[in-house]
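Colleague: For the record, the sequence lines run as chains A and B. Be aware that the first sequence starts at 1, since it is given in our numbering, and climbs by one per residue. Be aware that the second sequence starts at 377, since it is given in our numbering, and climbs by one per residue.
Don't read these hints as lab results, they were simulated from the structure. Take every hint as true, because none was put in to throw you off.
Label pairs and their in silico Cβ distance ranges:
hint	chain 1	residue 1	chain 2	residue 2	range
1	B	Pro533	A	Gly312	45 to 51 Å
2	A	Pro258	B	Arg676	51 to 57 Å
3	B	Gly688	A	Pro96	32 to 38 Å
4	B	Arg676	A	Thr162	41 to 47 Å
5	A	Gly373	B	Ser421	30 to 36 Å
6	B	Gly747	A	Pro258	55 to 61 Å
Once the Cα atoms are required to be at most 25 Å apart in a straight line, the calculated SDA-like pairs of lysine to any residue come out as:
hint	chain 1	residue 1	chain 2	residue 2
7	B	Lys744	A	Ala319
8	A	Lys368	B	Val691
9	A	Lys361	B	Ser697
10	B	Lys744	A	Arg330
11	A	Lys275	A	Arg173
12	B	Lys744	A	Asp338
13	A	Lys368	B	Asp694
14	A	Lys361	B	Asp694
15	A	Lys368	B	Val684
16	B	Lys620	B	Glu464
17	A	Lys368	A	Pro255
18	A	Lys361	B	Val691
19	A	Lys361	B	Ser693
20	A	Lys361	B	Asp714
21	B	Lys744	B	Ala722
22	B	Lys737	A	Asp339
23	B	Lys744	B	Pro631
24	B	Lys737	A	Val315
25	A	Lys259	A	Leu90
Quick reminder that beta carbons are idealized off the backbone N, C-alpha and C, glycines included.
There are 2 protein chains.
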Amino acid sequence: MSEPSATPHALERLTCVIPAGGVGSRLWPLSRANAPKFLLDLTGSGDSLLRATWNRLAPIVPPERLMVVTGRSHRDSVAAQLPELPCENLVTESEPKDSSAAIGLAAALLELRDPDAILGSFAADHVIRGDILFQRAVTTAVQAADQGYIATIGIHPSHPATGFGYISCGQARGDLAPFDVYDVTEFVEKPDAAEAEAYLARGGYLWNAGMFIARASVLLDQMALAEPELVASLREIAASWDSKRGAQVRERLWPMLPKIAIDYTVAEPAAAAGKMVCVAAHFDWDDVGDFASVANLLTRGRGTDLAVLGDGAQVLSDASSGIVVSESDRLVALVGMDDVVVVDTADVLLVTTKSRAQDVKQLVSRMKVTGGGHLL
Amino acid sequence: MSEPSATPHALERLTCVIPAGGVGSRLWPLSRANAPKFLLDLTGSGDSLLRATWNRLAPIVPPERLMVVTGRSHRDSVAAQLPELPCENLVTESEPKDSSAAIGLAAALLELRDPDAILGSFAADHVIRGDILFQRAVTTAVQAADQGYIATIGIHPSHPATGFGYISCGQARGDLAPFDVYDVTEFVEKPDAAEAEAYLARGGYLWNAGMFIARASVLLDQMALAEPELVASLREIAASWDSKRGAQVRERLWPMLPKIAIDYTVAEPAAAAGKMVCVAAHFDWDDVGDFASVANLLTRGRGTDLAVLGDGAQVLSDASSGIVVSESDRLVALVGMDDVVVVDTADVLLVTTKSRAQDVKQLVSRMKVTGGGHLL
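Use the sequences and the hints to build the structure in full.
Modeller: Here is the structure:
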């Protein structure tokens, strides 16, 4: 690490922001509007994904430099799960506006608290194993961010996954850190199986874990190049946040904000402009995108085990793969059902297969239109 | 039909006996020790299989000539479903002793009431469609029974089923009835697919629906050739049935009776001895042996429909086959699950496939040994 400069040590200016948004509809009926993915325990650890994210970040920064951005309706649940979170760091949105607005608002608030603030954004609903490797990667990313770069943390692929985006890395940046930092050449969307194989064979590709670390002002200025009005609104909202007219400003501006992912407003244009660097990390990471992912996590990748999630779950099965998620203590009996996904909740029973687990999202979309919305 | 003889018209001496025994473990967890198959509505008609059996027989004989033999623990349920059944015709067993004892006891009781009594035995848990054809077949069988034969009713196969036994028919017996009566050459056990195809190609084979019609005394005398002590015990039990010492005799003798199917004590030896005839019938018949059968019944054999059973069942599915049985009103959502069997009860959820539906029996057997018996 570099020596302390005139400003406080970079890590001491880091605030970790946890955007806690998406419902995770591919995990329905376990995930619901009022029980979004980040509030669920998908690993059987006893902690929700949000709480696990907090636990992972708490050794890096103190509670007053942790911030959660979430929907208004989840405010109480988040506060209950994170009692250490100072209430001024629990930022709520009146309606979801995707990641540019959520992370941008956090950046605008932090920029006002400290013009040199560094923001690290970490999803509330991913699973990471290898906390020391994670901390090391964050520390390295913060150094790069302090130098004015927008840093991301990419994960060395363990297999040619088709469910994640990839980061194409270029030149090593020994000027920023002795190890593991590279220019980002390009962000690429989820590949098909052949492309994924090719990425791994070619080398230089990392999984995009959606983590961004940058000075708050750098992040906002970059975003402003793509979405100037959005950033102007966010800075106006932040400026009035604690004032009497704050609520009024939010009510006026927030509903007008565009819904757009930060990948498009910051990551991709910054990469194209040579302002994006990537820290290559070796920890285990999964975005737990569907029940097949949950099964793989629970069995630690062993495809020959049936995964079971649920404190009272009772399963009688001849299956050598698949997953049973149960919120009750009734018996789930499986005969001849390899690779099945059974999710047994109080009001919905879902049965599908690991290979069709992604299609739960379409089912949920259809239910929004055709009825059954009260079950979502 | 033949002209009335010295004894009353044969049909007027017919008592229809409904042995209501087996649990139907391949239909677990819908069927349970305290909710055996015959008490279930498996057709969505609103009637249990037992009640439907009664409704089918009631146009043939009056209530005083209908008799049910069932386990002591099912007495109240049977009485509730069949309020017309005279209480002296509700015969209970202290423990199950298979069909020779159950039907033999009925025969012994009827023989005492009327030495010329004719007994027709019809399973409580089969499904029949085509009541007029059924009545016609019974009437024909009763004529043969009146002549001293043991008659069965065989069903013209609609397809090469492997789940049923077959009856090999010989010579037409125009001397007994103008149509449809044949000597029985042999009873054959459930064949494999190739054998079943061969039976249908060769012709002369009918499905064995387990119906027996004979004079009560003829049936007992035939059974006595194979199991003399059994029949002696049954006749002793029957003789004391209504007397003060009846309970004592039953308690002494019933537990000693051998468990043996009537196929072995009556049907097969009678066929070998040339005393068995078969009425060939064209009604739809199914023993509803497993959930695949239930699915076929509900969709009337259309393999392109998902079958749903349960008053409140709510199903959202892209499946073009299979069956959902639900005892609740919660949503059952299926994604990519053709040919699945889902049985959703208060304390057990079963998931299997139509092709593995038979194996539910083994699961139940295993549970008896390894635990979970309270769920059976």
